[in-house]
Structure formats: structure tokens, C-alpha cells
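Trainee: Can you build the whole structure from these sequences, using the hints too?
Here is how the chains run, residue by residue.
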Amino acid sequence: MSDPILSVSGLKVSYGPITAVAGVDIEVGRGEFVGVIGSNGAGKSSAMRAISGVLAPAGGAIRFDGADVTRRKSHEMVALGLAMVPEGRMIFGDQTVRENLLLGGFSRVMRSDPEVEDDIERALELFPRLRERLGQMAGSLSGGEQQMLAIARGLISRPKLLVVDELSLGLAPKILDLLFPILADLNAKGLSILLVEQMASYALAVTQRTYVMENGRVLFSGPSAELAEDDRVLDAYLGRKH
Amino acid sequence: MEANLQYVLSGLSIGGVYAMVALGFSMMWSVAKAANFTHGDVFMLGGVLTVSLMALGLPIWIAAILAILIAAAAGALIERFLVRPFNREANAIGWMLTTIAIGVMMESFGTATYGPLPQPLPSPLAVTPLRFGGAGVFPQELLLPVVAVLAMLGLRLFQTRTHFGRAIRAVAANRVAAGLMGIDADRVTMVVFAAAGGLGALAGFLIAPVIQASTTMGLVIGLKAFMIAIIAGITNAAGVVTMALAFGVVERLIEGYLSTSARDAFGFTLMILVLLAFPQGVFGRKEVSKV
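If you read the protein sequences in the order shown, they are chains D and X.
For the first sequence, the positions run 1 to 242 when the working numbering is used.
For the second sequence, the positions run 243 to 533 when the working numbering is used.
Keep in mind that the hints were calculated from the coordinates and are not lab data.
Among the hints, a few may not be true.
[Stated by the list, open to error] DEER-style ranges, computed between Cβ atoms:
1. D:P114 - X:F374: 38 to 44 Å
2. D:E214 - X:R330: 45 to 51 Å
3. X:N333 - D:R217: 47 to 53 Å
4. D:G23 - X:F406: 36 to 42 Å
5. X:F406 - D:G170: 28 to 34 Å
All C-beta atoms, glycine included, are put in the ideal place defined by N, C-alpha and C.
Mentor: Here is the structure:
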């Protein structure tokens, strides 16, 4: 792939003596929607935490937007154009919905970027339910609304790549049927997205390419449409019965 | 009755000192989840440095402002070199050792250079006492609780009305999430430590005309302020200030009705009992476990 937005090679993540990610290669092309599926504990979230700078990798290299970012911290990654919607959403429950959105554009607000308000407006058009709750404490939102807020908040930093970690966690299918098309829309408008998802069926339906991770490694990868028909995927992740 | 009024007034005064120092512990704990045990000595710097700088010929206000700025810089350095490197893992306690050790060194170094004796800090507000019936109190003493409450309200306003203030709350709530917003959580923590250091030194400067400035003035006040913060619920700034003022009054009442030597024995016993009844602090909420 020529000039990908994200290119991860030989990524290793360990917690003390425990290896969570044991050498992983992942690429996301510009404008691409890529998924990572795999069971609980496969190392998906650890890999995302290393890519977004939340934790330092034990080995390997991460290139983002043409530059080596292997040891960069999360706040530096945001400045470079990588936003992560973290597992468990991590909204600031004791601040209002609007304050959460402003925090999403922290450095832009600090330098008084006048276009932040436009971007908040655009995010609210994407998630009208947040508009009704703008002055409400974010902790009082439902799980689905919190996930909307987490995505909206991630967009305010104007990312070049949006990393979404476990979008479906704890959410009802009805909410997921609303959220996944919104991600697909954002991608159609040009945003590169890397989606980590345990619910393989949802991920395979919206992404273009998918990596399958187990035990800290990528087992195989390919176009999502093909993997959705692949026996190995059908058996292990889509619950096909023999 | 007049005796009681006297106890309350001078209790609010010492309580105001506890409040300003305890508020610093609260601010620092909220963002770093660590207690900076040099804080009592940073408080001491406010009095001792002001006296030392005045001895060089500086006027009191310049000396005080310089002392507060030096204490703020000390707060930032303490965060950067004594707390941050020793607070990387969840549940790390290395910062306890480093801050206690450097706190003791600051006091020894102060005693070696400034001398072991308390020195007076003249203040126009500590010359003529105000009379309330038979009770008397220096305006300087009344200033302390007023400044403490103003500091708490100012902090609250800053944290709710400014963008950087919101970032401080974000770091306090969830460091990882704050980083993902593009907030440099380490820098925010350092700024908060500097502000806490400056506030502590302000308290040291304001109380020095009443108790005189000595290098040992920070030890017991720092410890008490920390304990007050704990029994109040350390992340609740308003609760910490309220508890500090109340504790100051209780101490004076014990002194008045029992004796000065009974003060700490009864005061600390009371604290232990309060903590037994309210393990999260009287105004505390259950700490959400950090990930």
C-alpha cells in the first residue's frame, strides 16, 4: 500500500512479564475503513492503546501520516491527527455534554480556533440526541448516548484517523444499528477509521478490510466481504453451527 | 461567652491556615493521586523566605510575592522530579518516600541557613487587635479564613469557567481519557502542583506575623492539614476547607476547656474516630477505582 495513514509493524505490548501483543502488522490506507476482530483477550485493545500512545510499546514501530510516532504520547498523537474513542467510552461524567465536546477539541480551544463551534454543530447534526442534552451532565446519559458523545468528542479534534475501540460494548442492537451506519457515513466522507470490535458480524459488514487477531498475533487478514464467507471466520466468530 | 467567641475567632484563624494548606493537598491529590509531603515545608517557605528576603532590604510585598513565586516553582519541580517518576504504575507509593525525604531535607537546610530561631514578620495588620466585647483578634488573623474561602471559591470558578480548568477536572477524573483529548496530563499536574505550592506559601506568609516564621513551622501544620483533607474527603475542596475551619475551632475549644497539651491528643483522637465513622471522609464520595 502506498503512503498509508497508519502503518504498524512488529508491534509488541507487554504488561510486566505478560505479553499481550506479540508482533503485529496492521496498515490503514488513507480513506480506508479497517476492522480488527478477535475474541476477548486477543490483544486488540492493547494494540490500540499502543497505537494511540496510551501505553508505550515493548517493541516494533508505528508510523502515522508519514512520520515515526512509536514513542509518542497520546496527547501528541491527538495533535498529529489520531483520535481514539476508547473502550468503555471514558466520557467525563461530572462535566456537561457540551464541556465534553469542548474537551475533545482541547488544544484547538486553547488556541481559540473559531471553527471549533462549527465542528461541534456538525457533530450535533450527526447525533441530534446530544443536542437535546447539551447542558446535561454526561454521566446522566444512557450508554448509547455516551457512545455517541465519545464519537462526537473524538471528531472535534479533526482527526485524520479515528480509532474506535469496542464500539458495541454493552450496547443494545438497536443502538448499534444506528451507530455503525454513522461510522460508515463518516468513512464515506473521507475519514480513515480503524475499528476494533468483538461483534464480528457488525464489523465485517461496514469495514473494507479486516484483521483477525488471536493470542496477541494477527492470524490472517483480507477484504471483509471475503472474510465474511471464510470458514475460519464463520466458525470462530460468526457462530456457524455444523 | 466571650471566652467562647475568642476560641471561635482564633480557631477560625488557625483553621484558615489548615484550610489553605489542606486545599493544596486536595488539589494535588485530585490530579496526581499522590500526596506531596513536602507541602508543609513549601508552606514554611512562604514565611521564612519572606523574612529572609526582607532582611536583604526588599519591601514586604515584593519579598512576599517572590517567596510565593519561588514556592510555586518548588511545587512544579517537586511534581516533576519527586512525584512523577515515582508515580508511574497504578498504586505506586514511591512518591511517599521521595517527598517525605526531601521535606525533611528542606527543613534541615532551612535551619542550617536561616537559623533555628523563629523570627518576627512585622505586619500592619497584626498591631492593633479588633475588639468584639472581651474577645480580641488581629485583623491579620481574620484574613486567614477569608483568604482560604476565597481561594476555594476562586479555584471552583476557575475549574468550571475556564477551558484549562475543565482540563484539570478531566485529568482528575480520568488521566487516560484526558490524554486522548489532547491534554498533556503531566503538564496540567505540574501546573496544579505549582498553584498549590504558591497557595501554601501564601498561607505561610499570612500566618507568620501571628506565629513568627520558623523553619519548623511547617511540620505539624502540614501533617494536620493532610489529615484534615483525608477526614474531609480529599477530592472535595469545599469539604476540605469546611473541615479545616471546624477543626481549628475544635482545637481552640480543647485548649480552652482542657489544656494546650491536651489539644493534639484529643484532636488526633477525634480525627481517628471521624475516619472510623466515615472511611471515605465526611464529605467524600467513594473513589472510583482507577484503570
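Trainee: Do the Cβ positions of X:N333 and D:R217 conform to the proposed distance bound of 47 to 53 Å?
Mentor: At 30 Å between Cβs, range violated.
Trainee: With respect to the beta-carbon atoms only, verify the hint that D:E214 and X:R330 lie 45 to 51 Å apart.
Mentor: Violated, at about 30 Å.
Trainee: Okay, D:P114 versus X:F374 on CB: inside 38 to 44 Å?
Mentor: With a Cβ separation near 55 Å, D:P114 and X:F374 fall outside 38 to 44 Å, so the hint is violated.
Trainee: Quick check on a hinted range of 28 to 34 Å for X:F406 and D:G170, using CB atoms only.
Mentor: holds (32 Å)
Trainee: Do D:G23 and X:F406 keep their Cβ atoms within the hinted range of 36 to 42 Å?
Mentor: Holds, at about 41 Å.
In this structure, the earlier hints numbered 1, 2 and 3 are contradicted, and the remaining ones agree with it.
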